[in-house]
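A.B. asks: Starting from the structure of chain X, add chains A, F and U where the hints point.
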Amino acid sequence: MSIFIDKSTKVLVQGITGKEGAFWTKHMIDLGTDVVCGVTPGKAGQHVEDRPVYNTVKEAIIHHEVDASMLFVPPRLTKDAVFEALASGIKKIVTIADGIPLHDMIRIRQAAKDYKALVVGGNTSGVISPEEAMMGSFPHWIERVYKKGNIGVMTRSGSLTNEVTAMIVEKGYGVSTLIGVGGDPVPGTRFAEMLPYYEADEETKAVVIIGELGGTMEEEVAEAINKGVFTKPLVAFLGGRTAPKGQKMGHAGAIITGGKGSVEDKITALTKAGALVAKRPRAVGELLEELNVPK
Amino acid sequence: MSIFIDKSTKVLVQGITGKEGAFWTKHMIDLGTDVVCGVTPGKAGQHVEDRPVYNTVKEAIIHHEVDASMLFVPPRLTKDAVFEALASGIKKIVTIADGIPLHDMIRIRQAAKDYKALVVGGNTSGVISPEEAMMGSFPHWIERVYKKGNIGVMTRSGSLTNEVTAMIVEKGYGVSTLIGVGGDPVPGTRFAEMLPYYEADEETKAVVIIGELGGTMEEEVAEAINKGVFTKPLVAFLGGRTAPKGQKMGHAGAIITGGKGSVEDKITALTKAGALVAKRPRAVGELLEELNVPK
Amino acid sequence: MKLYEFQAKEVFNEAGIPIPKSRLIQSIDELSIALETVGLPCVLKSQVLSGGRGKRGLIQVVKTKEEAHQEAKKLFTHEANIKSLLVEEAIDIDQEVYISITVEPEAAKALLIASSEGGIDIETLAVEQPEKIVKYPIDIRDGLQNFQATEVAYGFNFKPDITKQMIKILLKLYTVFKQYDAELVEINPLFITKQGLVVAGDGKIMIDDNSAFRQTRYAQDLSDYRTEAEYEANRAGIPFIQFDGDIGLMCAGAGLTTTVYDLINYEGGTVANYLEFGGPNYKKALEAMEICLKVPSKVILIVTFGTIARADVMAEGIVDAIKRLKPDRPIVTCIRGTNEARAVEILKSAGLEPLFDTEEAVRKAVALSKEAK
Amino acid sequence: MKLYEFQAKEVFNEAGIPIPKSRLIQSIDELSIALETVGLPCVLKSQVLSGGRGKRGLIQVVKTKEEAHQEAKKLFTHEANIKSLLVEEAIDIDQEVYISITVEPEAAKALLIASSEGGIDIETLAVEQPEKIVKYPIDIRDGLQNFQATEVAYGFNFKPDITKQMIKILLKLYTVFKQYDAELVEINPLFITKQGLVVAGDGKIMIDDNSAFRQTRYAQDLSDYRTEAEYEANRAGIPFIQFDGDIGLMCAGAGLTTTVYDLINYEGGTVANYLEFGGPNYKKALEAMEICLKVPSKVILIVTFGTIARADVMAEGIVDAIKRLKPDRPIVTCIRGTNEARAVEILKSAGLEPLFDTEEAVRKAVALSKEAK
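Protein chains in written order, with the numbering used here: chain X, 499 to 793; chain A, 499 to 793; chain F, 8 to 380; chain U, 8 to 380.
Keep in mind that the hints are not guaranteed to be accurate.
[Unchecked claim] Think about it this way: if two alpha-carbon atoms lie no more than 25 Å apart in a straight line, the pair counts; the simulated DMTMM-like pairs of lysine to aspartate or glutamate are:
#1 Lys291/F x Asp596/A
#2 Lys305/U x Asp216/U
#3 Lys611/A x Glu96/F
[As the list claims (entries may be wrong)] So the derived list for chain A, only partly shown, Cβ under 10 Å to chain F, looks like this:
#4 Gly597
#5 Pro637
#6 Lys646
#7 Asn648
#8 Gly656
#9 Val662
What the hints contain is simulated information worked out from the structure, not anything from laboratory work.
Where a beta carbon is used, it is the ideal one built from N, C-alpha and C, also for glycine.
In isolation and in its complexed conformation, chain X is listed as follows:
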């Protein structure tokens, strides 16, 4: 099983006729994703992988039932494309765009809240439920990473996700749904917001989060565990334990977190909440075994 997307999720692709859009649409379909149609203004009447293309989302949803929208849209146009999907009532949106302006992302996340929708991204590979469906640009053909199973994975990173997930798979586990929330300072969806879905998903037996220095997403996860929102085993991997400290965000960053936000603080918060924190990527798989998570 999986969350967010599975074989039955009807996906619309915004920017389907572009080079990237067309390439990954093929791969999404190859993996089993039910891509029902696409949108590119001015290209109505064309087809991509036999899926009809419309000028606008509004037009597309007249002809198709749509559950989710996948955006292959440049960063500068992403806000507009997200707003278009939201205005059409679409509640699951994934954007892989790398370089979305910060203030645009604030509006995107704010609008997502208003519409009670989930916008995953940007600066991510998207969401994949191996052997079920994929929204994004995951190389599902890399077998030692994208193997179906019962571990939910959430990540802020790109390559590191492959590294860590490979270690999970090496131990004989697989992935239920992998969600890349993305590496931007303001991701559309945050770790803690997805935990209730993993909690409710019967097939997910444990969740792995791959975090980073900075921000408070890992602390929010610890809080969700403390509040009993998430009760399954959780293993975290956090890079940056030995990284030299930069003072990128002036005093404000330090003030917001009350001097916290370092990897050590994240580890403390997670450990206190009962989660396990892996020191090396390899240890993630080992800890899952120690927790007796079934394979």
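C.D. replies: Leaving out everything else, chains A, F and U in the frame of chain X:
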């Protein structure tokens, strides 16, 4: 009885230390209004009519329970003052400012909807429940207009309200609550939105609306009657039956209303819905009698 | 405040909305240079604020220099008091589109209105085939968004190239709406030329008067007032409209004034002018009466029911004005409201007969106006 | 992108936020004129992007011309590579306040942060007395509203006149935040002078790099790079940081790089540089290795796990770079991901021993770096 305000409504006055604010605050209190405090930035610690003054609404509501806010604030600052009241959770706001910018009024009305609040005004004398309470700048001392009774009055006009209400009082009736929605193209609250309150108020036996050329507020009242939202007797007075037609709003105005919006169209809509339309101010009182509205 | 066509087009041009090649002229002497810039055939468009210019003959297509001079001369001497002409290139029109942005008070949004069948018959279309007109509400916090303009533009089923121009024009029209605190921005017709270009054929911008303090670029233009009285009233900040009846009206409040106007008509009388003598003007009795006396009326009727505009202050002003101006016609007063007992005393002491009932006052004024004939 | 103090103050000044009288000088020759403008005593403030200038002695208060020349000379020859000094009037400080606006990612709002106890100890205050710091969320659709700035300003309990200045500064600071697509705008300290004026003592503006396309006024300033390698990397658009360890890192992705950095430390090794060899840079093997070779490292470790950044393309690039640049130190590769089988062939055919396990690769690199000592 009355709606919107009565003796028990706790009123905060924004702009209480100004000339107009102080003058009308005295009159509101004289009429029985429970003015609990006031706000003028920089004047905290002062008193007006023995009521304490605070710098901000936020500060005021720490010390006082507040049900409603009365604004004596210049038109250019009205949007900010309304937003301040809304942000503090105040759900009834009256502004008498004449000259609020149109685009500001759109935002004010939009925000009022978001907060599920009522903003009455601008360009009005406000709201009065004779012998109970008053928010605004009504000369309650004019006995042949501001007499307590069982007729609800809603109006878009100023002097015409006195003219029409005097005719109601002349026939032995009085007013339960008089609401001046104001003469601006975008009033914060519209006739039809207040009808459910008059409908629910046991003491209000009939409602009189004093309308004008233009807009669709009178048609909305007819629709509310058609839908059964309002079932009590309703008498309308509309000025401008013989007025020369101006084409102020270009084609757009005519397009929006589908070529309607004239006084004749309003009369037709109201009459069809079962309301009575008075030709002269005097006829308003006469029609109430004809409808056997008790005095 | 309404802008002239040439001002609206100036604003459009700055915002990036294509307009035809044109030149504004204030006299016949400037016509030749204008024709050189614009070319022939061209259109002479009278710059007046009132509508229906085409039907009133105030827009002329000319093919030759001679014709241009002939028609321009006619227009500059037209009774409509035309101060300037916009000399504009003649466009090869393929289609006329309608677009405007205004305010939707109930929803508290801006409203984009568009139809692929624009031109002078748009209002008939609105009544007979309303489904051909798109009404698109816009949240003013975010403004008109690209995808929304895209939805509207593709709805027309134009060729892709026209659609792309249309999207840009819609977005720019919204920026004008916002930037100028507009009540209305309207392009009708918006031309699609035979060459495949989209160009604003006309332009209407109405700026919210309440925003005048932050919209200072175009001050109210006074050249369009028809009479000296209207001009004087505007200078004094007093709302004033002149008609051609017998009773000069000094009233307080638009609603009451309109009602008195109705009552005069019901009683068989006619109105000479409307003048706003209330609200902020209630202390301007002298200026108000001075303006009223410039209008050829047979009687002056004063009706007020003031609250902040105190009855006694108004009565005093009236009495003072009568003393100074010594009006040549009868005056009927019906002044009520705050301190009205005091007002009665003041008026009586000046030899006037104050009335209290609006209908009675109207009847008296109508009777006096007929006696005077 | 971070602006220099003098740039931030330029922006503040244009926005209407008061700044001290000051003059920017690029050499000692300009000092005399600057002193004439600014007066004495004054402050010499080194314009560098790194923080803690006060503690590092990069800010000097001077009382006489002689002292000014002496200290300016010292600063211009300081190892911190100072290109310019801001000569600024000395302020009679009564109080130091902290204000900033940044982003609150969870709530998706802007966040106004303010404290009446500003200055260099603000971070300590944040930990020890967080209640003394106000955090005020702002909806970016409406921006910071007047009443909100008023609430914050009155919260400080300053005198009314100071409060009024504070309100204006807060509102203007928000306009800067918005106009410059800022990640952060910060004034610390904001001085309240003994004369009762509120003046920005310092200024920090960080512009969102993703908004660079619409924030073109201040291009990335290159004068602040410490080494030639950093400068070259920036020119090539390759993220690069230089340290003083032994292992040169070419990695893909910030997360993986940070992890490899950790693993090297766990294994007792040290890092010579970090270089981003992934994402959009995965075809830039030649430039990447050229930069790495400029850094005095003992071994180069390449770790990738690419998806769109194809393993075979990266491997080809590496092999080509080795052929051309003939590196003087050993290279360890651990290149995985899309088409990794093909990558292995390519690397092997060039005589390299491709590894597949990150930890193994790290251990090998650390061992090689120690052997080389």
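A.B. asks: Please go over all the hints and tell whether each is borne out by the structure.
C.D. replies: Hint by hint, here is what the structure shows:
1. Lys291/F x Asp596/A: holds (19 Å)
2. Lys305/U x Asp216/U: violated (33 Å)
3. Lys611/A x Glu96/F: Not satisfied, since the Cα-Cα distance of roughly 48 Å exceeds 25 Å.
4. Gly597: holds (5 Å)
5. Pro637: holds (4 Å)
6. Lys646: For Lys646/A, the interface hint is violated, since the closest Cβ of chain F sits about 18 Å away, which is over 10 Å.
7. Asn648: Given a least distance of 23 Å, the restraint on Asn648/A is violated.
8. Gly656: holds (4 Å)
9. Val662: holds (8 Å)
The structure is inconsistent with the numbered hints 2, 3, 6 and 7, although it conforms to all the rest.
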